[in-house]
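Taken in order, these protein sequences are the chains called A and B.
Straight run, no breaks: the first sequence in this note's numbering ends on number 229.
Straight run, no breaks: the second sequence in this note's numbering ends on number 1108.
What the hints contain is simulated information worked out from the structure, not anything from laboratory work.
Each residue gets a CB set at the ideal place from its N, CA and C atoms; glycine is no exception.
Some hints could be false.
As a list, the in silico DSS-like pairs of lysine-lysine whose alpha-carbon atoms are at most 30 Å apart [as the list claims (entries may be wrong)]:
(1) Lys90/A / Lys1065/B
(2) Lys183/A / Lys1033/B
(3) Lys1040/B / Lys222/A
Residues from chain A that keep clear of chain B, each with C-beta distances beyond 12 Å, as calculated [as the list claims (entries may be wrong)]:
(4) Met1
(5) Ile28
(6) Ala42
(7) Arg92
(8) Pro121
(9) Val123
(10) Asn124
(11) Trp127
(12) Ala149
(13) Val150
(14) Ser152
(15) Val191
(16) Gly201
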Amino acid sequence: MKKTFLYAFRHSLPVMFGFFPLGIAYGILMQSSGYNALWTGACSTFVLGGSLQFLMVNFFGSSVPILTAALLALLVNSRHVFYGISYIDKFRSFGGLARWFLIFSLTDEAYSLHCSHYIVPGVNEKWAYVLTSGFVMFYWVLFSVIGAAVGSLITFDTTGIDFSLTALFAVITIDSIRGAEKKYPAAIAAVSSAASLFAFGADNFILPSLIITIASLIICQKIGEAEES
Amino acid sequence: MIPVGRSIIIIAVCAVCTFALRALPFFVFGKRKVPELIEKIGTLLPMAIMTTLVVFCIRNVSFFKPGDYLPTFISLAAVTALHLWRKNTLLSITAGTVCYMILVQLVF
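Take these sequences, add in the hints, and give me the full structure.
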């Protein structure tokens, strides 16, 4: 168990560096909008999604109808609907509470780390998943609460430290391409996301991009099957 | 600050919506066997989604002057090169981030 705990900590470390500036920035924003550390902690615990939480600050400050808030929440986090597809059987095999916790905590960062597990002998797979997600959640809640409580006291320049999340995603992308027998899904995603970014703009590109990518993957899969038979 | 009750409702609604999205595939295929096509797509998806997330991270980079985009692309190139060479995740991320911080704070 100790080995699994250390494994999950080490595995989740890059997210800690990325969440430090993001969490602090979010906490400071909440504080300045009149929401103290308790509110910040509640948002980070129950919503657990950076981009939506930043957007929610706008909901708090205005008279946005609840239905509009719900629709925007669904839209902002829509990409998360695809994350579970790769883990249906795996999470099911873990069973019970572990399964629901892993689903609840399936953020961009947790998903990325789950994509890059390297379970070695002595590490319990189920607990490696649960603890990795647990650490990701812990960092986010901790740093956002610190940001709300004492964020304005931090004076050293952390500009650019959030690049660690970009670097983490890049590294996991490289690993997943290197380890795969078929590498075309990465090429499809690169073309589709670049084209969607150009066509739909930075705020709206990710959902159409993922839909185009998945549709293309299904078509490629069907063509592959047809050629084999 | 708006009324406490409304704040709580907003948090609850956003929490439920986010959970619903994350849980949807598990509800759809919760009890039955996952179709073969979905299973295949599931194995191909991680690298496609990760590629998309990298683009997502750099989506707001602008191209008005070199200082807008060079730090990002130089650092990404450094991460890629280092990771292909040494295959050390923490090293690649730390070096790339330090490189980026130096570029945005001191160079550009």
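Verification of the hints:
The hinted pair formed by Lys90/A and Lys1065/B fails the criterion: a straight-line CA distance of about 46 Å is larger than 30 Å. Restraint check: the Cα-Cα separation between Lys183/A and Lys1033/B comes to about 27 Å, which is no more than 30 Å; the hinted pair holds. With a C-alpha separation of about 11 Å, the suggested pair Lys1040/B and Lys222/A falls inside the 30 Å cut-off, and the hint holds. Once the 12 Å rule is applied to beta carbons, Met1/A is consistent with being away from chain B; the minimum gap is 23 Å.
Under the 12 Å C-beta cut-off, the non-interface status given to Ile28/A relative to chain B holds; the minimum distance is some 16 Å. With a cut of 12 Å on Cβ distances, Ala42/A falls inside the contact zone with chain B, its closest approach being about 6 Å. Annotated as non-interface, Arg92/A brings its C-beta within 12 Å of a C-beta of chain B; the closest such distance is 8 Å. The Cβ of Pro121/A lies farther than 12 Å from every Cβ of chain B, with a closest approach of about 20 Å, so its non-interface assignment holds.
With a closest Cβ-Cβ approach of about 16 Å to chain B, Val123/A is found to remain outside the 12 Å limit, as its non-interface label requires. Against the 12 Å criterion, Asn124/A stays outside the reach of chain B, whose nearest CB is about 21 Å from its own CB. Distance check for Trp127/A against chain B: the nearest CB is about 20 Å away, which clears 12 Å, and the non-interface claim stands. Every Cβ of chain B is farther than 12 Å from the Cβ of Ala149/A; the closest lies at roughly 17 Å, confirming the non-interface assignment.
For Val150/A, the condition that its CB be more than 12 Å from all CB atoms of chain B holds, with the nearest at approximately 20 Å. Annotated as non-interface, Ser152/A keeps its C-beta farther than 12 Å from every C-beta of chain B; the closest such distance is 18 Å. Its closest Cβ contact with chain B, about 10 Å, brings Val191/A to no more than 12 Å, contrary to its assignment away from the interface. Against chain B, the non-interface label of Gly201/A is violated: not every CB pair exceeds 12 Å, the least being about 9 Å.
In summary, the numbered hints that this structure violates are 1, 6, 7, 15, 16.
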